[in-house]
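2 protein chains.
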Amino acid sequence: MRALVFDGRLKFSSEYPDTIARPGECLVEVLRAGICGTDLELMRGYMDFRGIAGHEFVGKVVGGDPGLLGKRVVGEINVGCGSCDLCKADLERHCPNRTVLGILGRAGAFANYLSLPARNLLEVPDSISDEVAVFCEPIAAAYEILEQIRLSGREKIAVIGDGRLGAIVALVLKAEGACPVIGGHHLEKLQRLAKLGLEADLAEKLKPGFDVIVDCSGSEEGLLLALRLVRPRGTIILKSTAKESSGLNLASAVVDEISIIGSRCGRFAPALAALAEGKIDPRPLISAMLPLSDGVSALSLAAQPLIFKVLLSAVNSVLPA
Amino acid sequence: MRALVFDGRLKFSSEYPDTIARPGECLVEVLRAGICGTDLELMRGYMDFRGIAGHEFVGKVVGGDPGLLGKRVVGEINVGCGSCDLCKADLERHCPNRTVLGILGRAGAFANYLSLPARNLLEVPDSISDEVAVFCEPIAAAYEILEQIRLSGREKIAVIGDGRLGAIVALVLKAEGACPVIGGHHLEKLQRLAKLGLEADLAEKLKPGFDVIVDCSGSEEGLLLALRLVRPRGTIILKSTAKESSGLNLASAVVDEISIIGSRCGRFAPALAALAEGKIDPRPLISAMLPLSDGVSALSLAAQPLIFKVLLSAVNSVLPA
Numbered sequence: 001m002r003a004l005v006f007d008g009r010l011k012f013s014s015e016y017p018d019t020i021a022r023p024g025e026c027l028v029e030v031l032r033a034g035i036c037g038t039d040l041e042l043m044r045g046y047m048d049f050r051g052i053a054g055h056e057f058v059g060k061v062v063g064g065d066p067g068l069l070g071k072r073v074v075g076e077i078n079v080g081c082g083s084c085d086l087c088k089a090d091l092e093r094h095c096p097n098r099t100v101l102g103i104l105g106r107a108g109a110f111a112n113y114l115s116l117p118a119r120n121l122l123e124v125p126d127s128i129s130d131e132v133a134v135f136c137e138p139i140a141a142a143y144e145i146l147e148q149i150r151l152s153g154r155e156k157i158a159v160i161g162d163g164r165l166g167a168i169v170a171l172v173l174k175a176e177g178a179c180p181v182i183g184g185h186h187l188e189k190l191q192r193l194a195k196l197g198l199e200a201d202l203a204e205k206l207k208p209g210f211d212v213i214v215d216c217s218g219s220e221e222g223l224l225l226a227l228r229l230v231r232p233r234g235t236i237i238l239k240s241t242a243k244e245s246s247g248l249n250l251a252s253a254v255v256d257e258i259s260i261i262g263s264r265c266g267r268f269a270p271a272l273a274a275l276a277e278g279k280i281d282p283r284p285l286i287s288a289m290l291p292l293s294d295g296v297s298a299l300s301l302a303a304q305p306l307i308f309k310v311l312l313s314a315v316n317s318v319l320p321a
Numbered sequence: 001m002r003a004l005v006f007d008g009r010l011k012f013s014s015e016y017p018d019t020i021a022r023p024g025e026c027l028v029e030v031l032r033a034g035i036c037g038t039d040l041e042l043m044r045g046y047m048d049f050r051g052i053a054g055h056e057f058v059g060k061v062v063g064g065d066p067g068l069l070g071k072r073v074v075g076e077i078n079v080g081c082g083s084c085d086l087c088k089a090d091l092e093r094h095c096p097n098r099t100v101l102g103i104l105g106r107a108g109a110f111a112n113y114l115s116l117p118a119r120n121l122l123e124v125p126d127s128i129s130d131e132v133a134v135f136c137e138p139i140a141a142a143y144e145i146l147e148q149i150r151l152s153g154r155e156k157i158a159v160i161g162d163g164r165l166g167a168i169v170a171l172v173l174k175a176e177g178a179c180p181v182i183g184g185h186h187l188e189k190l191q192r193l194a195k196l197g198l199e200a201d202l203a204e205k206l207k208p209g210f211d212v213i214v215d216c217s218g219s220e221e222g223l224l225l226a227l228r229l230v231r232p233r234g235t236i237i238l239k240s241t242a243k244e245s246s247g248l249n250l251a252s253a254v255v256d257e258i259s260i261i262g263s264r265c266g267r268f269a270p271a272l273a274a275l276a277e278g279k280i281d282p283r284p285l286i287s288a289m290l291p292l293s294d295g296v297s298a299l300s301l302a303a304q305p306l307i308f309k310v311l312l313s314a315v316n317s318v319l320p321a
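These protein sequence lines are chains Z and D, in that order.
With the numbering used here, letter number 142 in the first sequence gets 142, and the count goes up by one each step, no holes.
With the numbering used here, letter number 293 in the second sequence gets 293, and the count goes up by one each step, no holes.
These are computed hints drawn from the structure, not numbers from a lab.
Some clues are possibly wrong.
Same chains, same label: a pair holds when it works inside one copy or across any pair of copies.
[Stated by the list, open to error] Below, simulated DSSO-like cross-link-like pairs (lysine-lysine); rule was C-alpha separation at most 30 Å, straight line: (1) Lys11 / Lys279; (2) Lys174 / Lys195; (3) Lys156 / Lys88; (4) Lys207 / Lys88; (5) Lys71 / Lys88; (6) Lys88 / Lys205.
Since we're looking at a predicted model, the values are computed, not measured.
Kindly generate the complete structure, drawing on both the sequences and the hints.
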């Protein structure tokens, strides 16, 4: 099969051994995959990753569970052992023995095929296009915030970071009745986000006093800024895994009694429902779609500061036939 | 008056100008004061402190509010502006314009007299001795945890740090039905804590999987250890203001969706009630009591690793007359 393979350096292979379905799992033919900040981090050495990355996808079931065969699906990316306390508490995504699609112990979506258990797959309604469905994973990650904290709609909320994750988080918060302001560093991106109806401003112009801050900056500076902007007893949601930090001091979080809440993957069901209802339209965030064979260029492109979401198409051409 | 004065170096003065009551406030004659880790940090440069430190005290009202005159009192240490949103929400201790006894803009308890508003003072029942009442402030800080998170009593809880704060937090948690284990580094202290009926062990022997961890270590290592020991989706309460950190990385807090909650001062009422009911007896934590005139030695003593609480007596002799 065709695949993007990382062995310390990212390469495209057109003759990579086919991924086959693991015992009891489904084989999924990937239609579209999205490139996420975590993928870029993996290529920079995060988690000592090797193999096929990619965890945002929409695909078609071509093997396994007969009830799903031929269905268009998205898939939750964490596969737990199924028997530990966390799995039993419906928190498979925190199973200590989990594999994670394209991140940990499981080949990912930057390839023609991937394997996931049927229980991880959700059928995509016909009304949702491939280009929309592929956003299900990051949108689910944004909905996770609303499972962790309760919002009344009256809170002052800031999203730090004008990248793809910040934009998606802000779209989800807005769809659910909150009024977030995005604080970023790239005027051009902020202007594009404003065109989507989002409030967006340069981060340095934000004034302290926010009830909730969602840090999607992907850098330690984002958390430092959040600590400056949050009100006493406010909440910071940490969304992005920053690299090794230096000089981070949480004394102010103690003095001001701030809650810092780590937030990662979410359940797909609320995200898929929101997409089906048309509450969120992520398509304006697509900066480019490239064929999988141009995947190396696609990841380089996704790393550019002014780029939002880059999609990979598993077919050779992204143009309609 | 007599006072311990810090001007970059700590000195005892027997002829320091008397603290006088601020307009509308009460003048309190200090009977006992406690030395806290924050005091030691202030002497090391924290907050660029200058003046008279000390925020744990029991005293007698000698001026101001006639209803309180002659009463034995303890006092909440934060004095807010009284008119901002936080003050109106009964969160005077988070007022942005607050002064804080012996910490910020207000001379403290390491002296014969201090000034506090009547609303900050709570009368101490006769059943509570001076040596017990002086613990009201740190016990209130421990009760603050129970205002921030709800405990069922079934949680696995660890307290990191075998110092005075860790011991008080563990005593309070135990008094309120939880079963904390203290993780520390000093075998002798752990043995002393075990004699108080507390479960205590070397920190390196604790196994991961705690629902709640209270970091009272006063060091960055405590938070790093807490991040290793807490279960996915667990809670870390940050109690101590660690100094500048290096190498702290919160990626694991994101991946495991940990909540890190800063926790500082608490309301005195629950603490005083618990002391009045005899639910907590802090007296075994008193390592020494010295007269104020030996305050410089007392602070040195309090900085020794095997010492719990050191008290200062404002009278010249700590022995009964």
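Going through the hints against the structure:
1. When the C-alpha separation of Lys11 and Lys279 is checked against a cutoff of 30 Å, the pair qualifies neither within a copy, at 37 Å, nor between copies, at 66 Å.
2. Taking the shortest Cα distances, Lys174 and Lys195 sit within 30 Å of each other inside one copy (14 Å), while across copies they are farther apart (55 Å).
3. In this assembly of identical chains, the alpha carbons of Lys156 and Lys88 lie at most 30 Å apart only when taken from different copies (19 Å versus 36 Å within one copy).
4. For the identical chains of this complex, Lys207 and Lys88 are inter-copy neighbours only, at 21 Å across copies versus 43 Å inside a copy, given an alpha-carbon limit of 30 Å.
5. With identical chains, the CA atoms of Lys71 and Lys88 are at most 30 Å apart within one copy only, with a shortest distance of 27 Å there and 57 Å across copies.
6. For the identical chains of this complex, Lys88 and Lys205 are inter-copy neighbours only, at 28 Å across copies versus 46 Å inside a copy, given an alpha-carbon limit of 30 Å.
Violated hints amount to a single one, hint 1; each of the other numbered hints is respected by the structure.
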